[in-house]
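> Spelled out, the chains give:
Number of protein chains: 2
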Amino acid sequence: MSQCIATYRIYDDQADFRKKATSIAVGMTVGSWTELPQAKREAMQKHLGEVVDIQVNEGWEPGSRYADVSIAYPDINFSRDIPALLVTVFGKISMDGRIKLTALDLSPDFLSAFPGPKFGIDGIRDILGVHDRPLLMSIFKSVIGLNADELRAQFIRQALGGVDLIKDDEILFENDLTPIEQRVRMCIQAAADIEQQTGKKLLYAANLTGRTSKLREQALRAIDAGANALLFNVLSYGYDVLHELSSDPDITVPIAAHPALAGAIYPSPYYGIAAPVLLGQLMRIAGADLVLFPSPYGSVTMPREENLAIRDELHSAKLRVKRSMPVPSAGIHPGLVPRIIRDFGNDVVVNAGGGIHGHPMGTEAGGKAFVQAIEATMKSVPLAHYAEEHEELKAALDIWGGEV
Amino acid sequence: MSQCIATYRIYDDQADFRKKATSIAVGMTVGSWTELPQAKREAMQKHLGEVVDIQVNEGWEPGSRYADVSIAYPDINFSRDIPALLVTVFGKISMDGRIKLTALDLSPDFLSAFPGPKFGIDGIRDILGVHDRPLLMSIFKSVIGLNADELRAQFIRQALGGVDLIKDDEILFENDLTPIEQRVRMCIQAAADIEQQTGKKLLYAANLTGRTSKLREQALRAIDAGANALLFNVLSYGYDVLHELSSDPDITVPIAAHPALAGAIYPSPYYGIAAPVLLGQLMRIAGADLVLFPSPYGSVTMPREENLAIRDELHSAKLRVKRSMPVPSAGIHPGLVPRIIRDFGNDVVVNAGGGIHGHPMGTEAGGKAFVQAIEATMKSVPLAHYAEEHEELKAALDIWGGEV
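In order, the protein sequence lines correspond to chains A and B. My numbering puts the first residue of the first sequence at 1, with every later residue one more than the last. My numbering puts the first residue of the second sequence at 405, with every later residue one more than the last.
No wet-lab data here; the hints were simulated from the structure. These numbers were taken from a predicted model, which means no experiment stands behind them. Certain hints may be false.
[Stated by the list, open to error] Facing chain B, a subset of chain A residues (Cβ under 7 Å, in silico):
id : residue
1  : G31
2  : S32
3  : T34
4  : H47
5  : V51
6  : D81
7  : P83
8  : M95
9  : G145
10 : I188
11 : S213
12 : E244
13 : A260
14 : A264
15 : I265
16 : I273
Just so it is clear, CB atoms sit at the ideal spot from N, CA and C, and this is done for glycine as well.
With the hints as constraints, model all of the structure from the sequences given.
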């Protein structure tokens, strides 16, 4: 019997966890069991959830207890989409006390409906022609209220710094000053001009926004205008919308998933959905080619072990779909590059906003400092040493601190 | 300048809350301010967020502090849809420490894009012809694995009990045994047969599931098959999907919003979105005619004050759209009816699953016991007194307890 297994961390100082687990397994599937007549049980057996594992632990506080409980849900009970999965495994019980969804082990049958990222790590590398180092992304800064010329000028400063990807600010919605088609046309033209000089490819992820039923059409218009990547605030629309966009044959560009709103769901130890599921596994199966999440290095932080668990979900060979690029974000400066590569390996995007725009010599120099930091790290040269002959890197290390 | 105001509860023992508030107001709008030249400031002023209020409080634990901070976001910055609103007011900052979104004060301009519930309380009452008492809803129980005949039989037992609405189980997805069109046709026919006997109208809320882009089509097919209401797991799809469905002129039936997954978002004091926003205001503006949420009475509980705050959002005349029916759910038995009416007034749905199906005399008697409890309460007759001449009510009070 094909099943998807959900694991929960349940905090309860009094509970009989075995009883609780059974009540979830029965309650979220066939509803009742002990009162069923024998004949009916046989027909219902294939729909019945099953308690797979219970690990009871002592909590931090004296006398407190929690249990990691795994329940198997027969695939026959729900359709092959993320809304059905989440409603089945965490619909009603999300409201039943201190319970957090910490892991999902999805069956091949369920996963068969999920083609996954269309490009993934290798596809993005192929587009960019970069295979041997982490990628570098910069984020538009303070774009609300900018007109087209100002936006274009900022794009060019970022591109000249040598970044591989530039992404829209996730709070830039459709607006009169820089509507998506105009923005895309302008930025892609600027990228082409700069490629003429530098020989360097560039992906620009334009923010896909608006009404749900119009997103596909808007994406196609952006692609017609030349867009070669899209940014998408997945959690404000639901995973299924990403799943539909990413598996649409006409949407022929990589999609970067932004984690906006994720902080409403993952940080509590007692409630919500753990970050590796929310921003790792579900984003990947829904088809995100790149996934942004709060880095462990900056001001908006997530613990390092959670970051690495997200990385594992995005990189793991266990899922038979393309791997997604992890993009740990916020608080990134060049001095962190060796550490990012130690934590994530080469298959990571070094993503900076303030760490590029805030460079004392300007945005272009900010990009160059990161390029230099990546070069140095790939050559195993200490940043401080490399900085002796690279003034942009030197200036960055001087203000933000050196290798950590 | 038209603005939407978001209020946050921010826990931080050390923070300079004024500084923090300003950093949100600037960071989530124009991005930077102090470094802008004067000329640019003038152009950007209309995009700049504004700190409206800061109330610092002592927390429960000694030395702990929290602040209620209100920030006004200019409407010009975002489009007229809930994804854009949420990404603007709680996208990135949801991940910035202990911060919970506790209230939204939305501008008339923003709200102009939200027609709200198509039916609302009065519309549902008009359909049912019931204006002078709370409505009664029952929930299908243990429906996974049931075949069409079994489902129909359960529907009839519920209908004969005298309920006004019957809703699908939210975990009943498209399945071979009881696909939505067949289910609807069968149940609506049964409802019509029973109406012939009893003269009583009945709404059956069929669960709308599947892929996002097919929901409209599926809803229309269900309506063609006779569906007179729909159930929808809003949070697994996003509010915008509900907004689009509810404002679609071809979707001509009330929509009941199920709170599945809400427990991942509202219960923590430190993170997430407060229940009155999540399950009250946003459900109503997105167009839910009925909104289910965990009652304060049962095993899956929410504090009473949160329930009443949801009720206020659903009933409030402040929003210029139709009012939504509150449906406090879980743990409801006939003895609670007077208390539900005290808490919610008449404009509430008394909604029971186990409290109907678990009646010692059966499902039909379970419905009757509730009908009797509502009659008694409307006549200001104590339940125990009314039960003397109503055996179904008496049996219910005997096993679940009397008036509370």
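> Determine for every hint whether it applies to the structure shown.
Structure-based check of all given hints:
no.: 1; hint: G31; in the structure: holds (3 Å)
no.: 2; hint: S32; in the structure: holds (5 Å)
no.: 3; hint: T34; in the structure: violated (12 Å)
no.: 4; hint: H47; in the structure: holds (4 Å)
no.: 5; hint: V51; in the structure: violated (17 Å)
no.: 6; hint: D81; in the structure: holds (6 Å)
no.: 7; hint: P83; in the structure: holds (4 Å)
no.: 8; hint: M95; in the structure: holds (3 Å)
no.: 9; hint: G145; in the structure: holds (4 Å)
no.: 10; hint: I188; in the structure: violated (23 Å)
no.: 11; hint: S213; in the structure: holds (6 Å)
no.: 12; hint: E244; in the structure: holds (6 Å)
no.: 13; hint: A260; in the structure: holds (3 Å)
no.: 14; hint: A264; in the structure: holds (5 Å)
no.: 15; hint: I265; in the structure: holds (5 Å)
no.: 16; hint: I273; in the structure: holds (5 Å)
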